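**Student:** These two chains come separately, so use the hints to put the complex back together.
So the sequence lines, in the order shown, correspond to chains A and B. 318 is the number that this note's numbering gives the last residue of the first sequence; the numbers go up by one with no jumps. 183 is the number that this note's numbering gives the last residue of the second sequence; the numbers go up by one with no jumps.
Bear in mind the hints are in silico, worked out from the structure with no lab data behind them. Treat the numbers as computed from the prediction; the structure is a model and nothing was measured. One should not assume that every hint holds.
Straight-line alpha carbon distances no greater than 25 Å define the calculated PhoX-like cross-link-like pairs of lysine-lysine that follow [what the hints assert, rightly or not]:
(1) Lys149/B x Lys313/A
(2) Lys117/B x Lys149/B
(3) Lys136/B x Lys149/B
(4) Lys41/B x Lys178/A
(5) Lys313/A x Lys161/B
(6) Lys161/B x Lys171/B
(7) Lys117/B x Lys309/A
(8) Lys178/A x Lys82/B
(9) Lys313/A x Lys43/B
(10) Lys82/B x Lys161/B
(11) Lys171/B x Lys178/A
(12) Lys313/A x Lys86/B
(13) Lys149/B x Lys245/A
(14) Lys171/B x Lys309/A
(15) Lys245/A x Lys171/B
(16) Lys309/A x Lys50/B
(17) Lys161/B x Lys309/A
(18) Lys177/B x Lys136/B
(19) Lys50/B x Lys245/A
(20) Lys149/B x Lys309/A
(21) Lys313/A x Lys50/B
(22) Lys117/B x Lys178/A
(23) Lys86/B x Lys117/B
Which residues of chain A face chain B? A few of them, derived with a C-beta cut under 8 Å, are [as the list claims (entries may be wrong)]:
(24) Asp179
(25) Leu181
(26) Lys200
Idealized CB from N, CA, C, for every residue including glycine.
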Amino acid sequence: MNERVKDILSGFFVSVTLINVVMLILGKILGPNQTFGYEVFMYPLIYGFIGAIPGIVISGKKELSVSQVIIRKIMQLLLIIVLMFAFMFGGKPIDSELVTVAIFVSISIVIVFVLVNAILWWLDMRTAQNMTDDLLKYQQKRLNRQ
Amino acid sequence: MQIKVKTIDDTEKEYIEIGCYKRDERVDEIIRFVKLHQGSIEGSKEERKYRISLSDIYYIEAVDERTFIYSGKDCYESGKRLYEYEELLAERSFARISKSVIVNLMKITSIKPALNGRFLCRLKNGENVIISRKYVPGIKERLHGE
Chain A
173 MNERVKDILS GFFVSVTLIN VVMLILGKIL GPNQTFGYEV FMYPLIYGFI GAIPGIVISG
233 KKELSVSQVI IRKIMQLLLI IVLMFAFMFG GKPIDSELVT VAIFVSISIV IVFVLVNAIL
293 WWLDMRTAQN MTDDLLKYQQ KRLNRQ
Chain B
38 MQIKVKTIDD TEKEYIEIGC YKRDERVDEI IRFVKLHQGS IEGSKEERKY RISLSDIYYI
98 EAVDERTFIY SGKDCYESGK RLYEYEELLA ERSFARISKS VIVNLMKITS IKPALNGRFL
158 CRLKNGENVI ISRKYVPGIK ERLHGE
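For reference, chain B alone in the conformation it holds in the complex (with noise of 0.2 Å):
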């Protein structure tokens, strides 16, 4: 496979793009470490460890002093708890909203207010989560910071 290197303006975004004949194992794999190089975290499912790249990561919620990491449509579990994460992962585009939930910024599609004097996040996989009150200045001040 031949790499080519194309320096662009700074004015445009980033990318990597994989010319291939067809998407197999080889071009998954390369993908799997573009990814990874843009940060992971360690999951396990049914005994299994696995990497979880940031960008595949909708939420992170504590049930129950157990720890799940939700990625689009797998769950896995960590042995960290969730405060750790919310430090592991202050500089990335994770915030925690509320005392059990860090949801990532970028999977979330709008906020609503709920009922409950709440608000609904609709994530980007239709799921929803909910930000407590209490955390709504910090997420307000982590969106105007940044």
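The following block holds chain A by itself, in its conformation from the complex (with noise of 0.2 Å):
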């Protein structure tokens, strides 16, 4: 599989089980006694879906340096909590109620975008450390074979 689809698949996953993690905190502080049909099971999907978007779009095959991918990050995370915002609370009038969503929701999905790149290095860091391994293993076969 294309390593940019793998990369993104695994980026969707973790922000979904991040996802249902936030929606059970938000809502036991939110709305502890709001109850939901089926449809529920529905939304870290749509989220992790709209989360990725960004990703997708922004995303090139160019190799950027660390300050740029920084700041495609940066742009990355502003994209999200727009569109979350657009989905979430399009069209509904701007009460006090909303504005206290809206920071919550905002602090999750800072939360949740940190949590899942801090996942994907994670990651990332165990690939290295195999690959280190195996190719400490490549030299010592080498050697002995000269």
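**Tutor:** Pasting the structure below:
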């Protein structure tokens, strides 16, 4: 499978898992008595998909420097917040309750975004460590053969 | 100079040892010969041509249609294209790690993730070269296949 598709998919599934946790925590705080139908299971998937869109649109094949990547990540985060707001609050009248929810949602998006990137980084760390271990074995084998 | 050849057990690593009063031009010539026997490629520096032993090469890089061979302290230019080296060195300990770099796997000390979704190879001379994500599966397969 293409590496870019793999990255997008792993980002999506990590996001969906974390969104589930965030929905649980926010629900307990903002609406502990609210009840839902089965359609609620769709929301983490929808939010995960919305969160993946900026990553698909913004990223390109060009290899970027570290500072360019940081700028791109910030743009990605802002775009996710805008898209999420449009999906969740689009067309609703702005009142104090909506502002409170919006603040919680924004904070949650930032936390999920940071956590997703931290988890993906940790997975990369493991890949790099495995590759280093394999490399050392490879070098040892080659040296023994020479 | 007396020449001794000793047969050793195949569990041991093969070696050539030179016993000399001091390391001079004559000894260096023998070392060069042995290294050349292990494989070499041609490169030029300041309009002079050199045979560079494969074991001395850290990486080969293509920059603006030109190809450069980096040994520990020297840089040589080559008339060959990067893909030609990729084919030529496929059976040796060299691997393509990005669009513009072929690295000597024997010269890598460690691999770490870079912030921009790529991986960073730390070489024995302290230099770093980038592994593009696209080439990671190929490198993994190469290290396992050995």
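**Student:** For every hint, state whether the structure bears it out.
**Tutor:** Hints versus structure:
no. : hint                : result
1   : Lys149/B x Lys313/A : holds, 22 Å
2   : Lys117/B x Lys149/B : violated, 30 Å
3   : Lys136/B x Lys149/B : holds, 19 Å
4   : Lys41/B x Lys178/A  : violated, 57 Å
5   : Lys313/A x Lys161/B : holds, 18 Å
6   : Lys161/B x Lys171/B : holds, 24 Å
7   : Lys117/B x Lys309/A : violated, 31 Å
8   : Lys178/A x Lys82/B  : violated, 43 Å
9   : Lys313/A x Lys43/B  : holds, 22 Å
10  : Lys82/B x Lys161/B  : holds, 23 Å
11  : Lys171/B x Lys178/A : holds, 11 Å
12  : Lys313/A x Lys86/B  : violated, 33 Å
13  : Lys149/B x Lys245/A : holds, 20 Å
14  : Lys171/B x Lys309/A : holds, 23 Å
15  : Lys245/A x Lys171/B : holds, 20 Å
16  : Lys309/A x Lys50/B  : holds, 15 Å
17  : Lys161/B x Lys309/A : holds, 16 Å
18  : Lys177/B x Lys136/B : holds, 17 Å
19  : Lys50/B x Lys245/A  : violated, 50 Å
20  : Lys149/B x Lys309/A : holds, 17 Å
21  : Lys313/A x Lys50/B  : holds, 10 Å
22  : Lys117/B x Lys178/A : violated, 34 Å
23  : Lys86/B x Lys117/B  : holds, 14 Å
24  : Asp179              : holds, 7 Å
25  : Leu181              : violated, 14 Å
26  : Lys200              : violated, 34 Å
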